[in-house]
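S.K.: Listed below, chain by chain, are the residues.
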Amino acid sequence: MTDPTPGTPGQTVGPFFGLSLPYPAGPELVPPGAAGAIRLHGRVLDGAGDPVPDALLELWQPGPDGAVVQEPGSLNRDGWTFTGWGRAATDNAGHWSFSTLRPGPGRPGAAPFFALTVFARGLLDRLRTRIYLPDSEDALAADPLLSSLPAERRPTLVATADPDGYAFDVVLQGAGETVFLESRP
Amino acid sequence: MPENAPPDTQESISAEIASIAAAHEKAGQGPLLDYPPYRSSILRHPTFAPVQVDPEEVELAGPVFGARDVDPADADLTAQHPGEPLGERMVVTGRITDGAGRPVAGQLVEVWQANAGGRYAHGRDRHPAPLDPNFTGTGRSLTDADGWYRFVTIKPGPYPWRNHLNAWRPAHIHFSLFGRDFTERVVTQMYFPGDPLLPLDPIFQSIPDTAGQQRLLASYDHGITQPEWFTGYRWDIVLTGPHRTWTES
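Taken in sequence, the protein lines are chains W and R.
FYI, my numbering numbers position 180 of the first sequence as 180, with every residue one higher than the one before it.
Positions in the second sequence are counted from 1; adding 1000 to them yields my numbering.
Quick caveat, the hints were computed from the structure, so don't treat them as lab data.
Take these hints with a grain of salt, some might be off.
What the hints assert, rightly or not - Going by beta-carbon spacing under 7 Å, a handful of chain W positions derived as facing chain R:
| hint | residue |
| --- | --- |
| 1 | T8 |
| 2 | G10 |
| 3 | Q11 |
| 4 | S20 |
| 5 | G33 |
| 6 | A48 |
| 7 | W60 |
| 8 | G73 |
| 9 | S74 |
| 10 | L75 |
| 11 | G104 |
| 12 | R126 |
| 13 | L146 |
| 14 | V179 |
| 15 | F180 |
| 16 | R184 |
Stated by the list, open to error - Rough simulated footprint, nothing fancy, chain W against chain R, three-plus residues with beta-carbon under 8 Å:
| hint | segment |
| --- | --- |
| 17 | 1007-1019 |
| 18 | 1097-1109 |
| 19 | 1125-1133 |
All values reported here derive from a predicted model rather than from experimental measurement.
For each residue, glycine too, the CB sits at the ideal point set by N, CA and C.
Isolated chain W, as found in the complex (with noise of 0.2 Å):
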């Protein structure tokens, strides 16, 4: 099914987001250091392997329990409501960094996976990708998605596990450039 409406174009978030976007506590979905809290980081990189410094990245995800959450409070965190939502920009040397909890499988077996939109200067839309945790070897091998893809290019959907949670590197072009998603209308 099309839409009959077509939508509004996106254009790009441009160099001046920090005025408005970031938020204090906008990458703390948990406060670092709560009970279950995991640190989910990494770069953003372009195709000279050099890291973006003016990115922003959103974090959207089910709760532990893989329950889709619709809770109020994202940009005023009480610091006990888990809101599944979060925002991040990147610093100068390209890295960002989300406090929060470990997604649970949306359906019994599935793998757990983060959602997540990038925006940066010089990226003239928005892109979507996900962001697969690598605990369960068999979830991985059966989802939909990542069993669809070349071998070489699935590794970049899958996080890496570091001593605080996990490492994800998003590579906007060239060796090793992430798989980004549309929707199947």
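Once you have looked at the hints, place chain R on chain W.
M.R.: Leaving out everything else, chain R in the frame of chain W:
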């Protein structure tokens, strides 16, 4: 481009814009991501086409915002400081719907913009136009039950940037929009009708079809204008789920 090469001229950028437009008569609704006239896009666009995926449950929902998140006063960008900002006071208002015409109710709208002189209150804006101590240029609002938003602001000025020699951005307001689900998320820019800089601007022209470009233009609406107070602009927004982005594959 070699480090010491002379900067591109508006004429050469305009010629690139024209040749790309001729090659994309049948376009999708989004901007071209691979659009060399916008020089900053050259290393920042994916080379693979996006992979089609059936959205999972979480992607068919989106974050919820409410009264806790947004102060109603945040929708008036002229009232954030002790004095009145300089420039043309204006209102921009419109309705946000999905592709089927259903209102996007209670959702977050964020805006940011330059001041009347074309200067952002941002440390990295080096344009030597005056900052306005009474204007920050940032606002937030929630749509009402029927999908309407409304901001009181100052008409932003055009400003120079360094994409090429004598490059000027048409006046615009940045809009950040959340739809009914995660796949409908859009960040875009609203422009003003009749702006002579629009044909010259590689960011606006990255949308290769005229119909798509028209959807980013507000219209002047004298019914919104209030006597002795502000001019009025109307800009409606449509957020569609299967958001096709035109990409070379």
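S.K.: Now tell me if each hint is right for this structure.
M.R.: Hints and how they fare:
1. T8: Holds, because the Cβ-Cβ distance from T8/W to chain R comes to roughly 5 Å (cut-off 7 Å).
2. G10: Hint holds; G10/W Cβ to chain R Cβ min 5 Å, cut 7 Å.
3. Q11: Because about 4 Å separates Q11/W from the closest Cβ in chain R, which is inside the 7 Å limit, the hint holds.
4. S20: Nearest chain R Cβ about 4 Å off; hint holds.
5. G33: violated (23 Å)
6. A48: holds (5 Å)
7. W60: holds (5 Å)
8. G73: Holds - the Cβ of G73/W comes within 7 Å of chain R, reaching about 5 Å at its closest.
9. S74: Status holds, d = 6 Å.
10. L75: holds (4 Å)
11. G104: violated (10 Å)
12. R126: holds (6 Å)
13. L146: It is violated, given that the least Cβ distance between L146/W and chain R is near 10 Å, above 7 Å.
14. V179: holds (5 Å)
15. F180: holds (5 Å)
16. R184: holds (5 Å)
17. 1007-1019: violated (count 0)
18. 1097-1109: Result for this restraint: holds, n = 6.
19. 1125-1133: violated (count 1)
The structure fails to meet hints 5, 11, 13, 17 and 19 from the earlier list, while all remaining hints are met.
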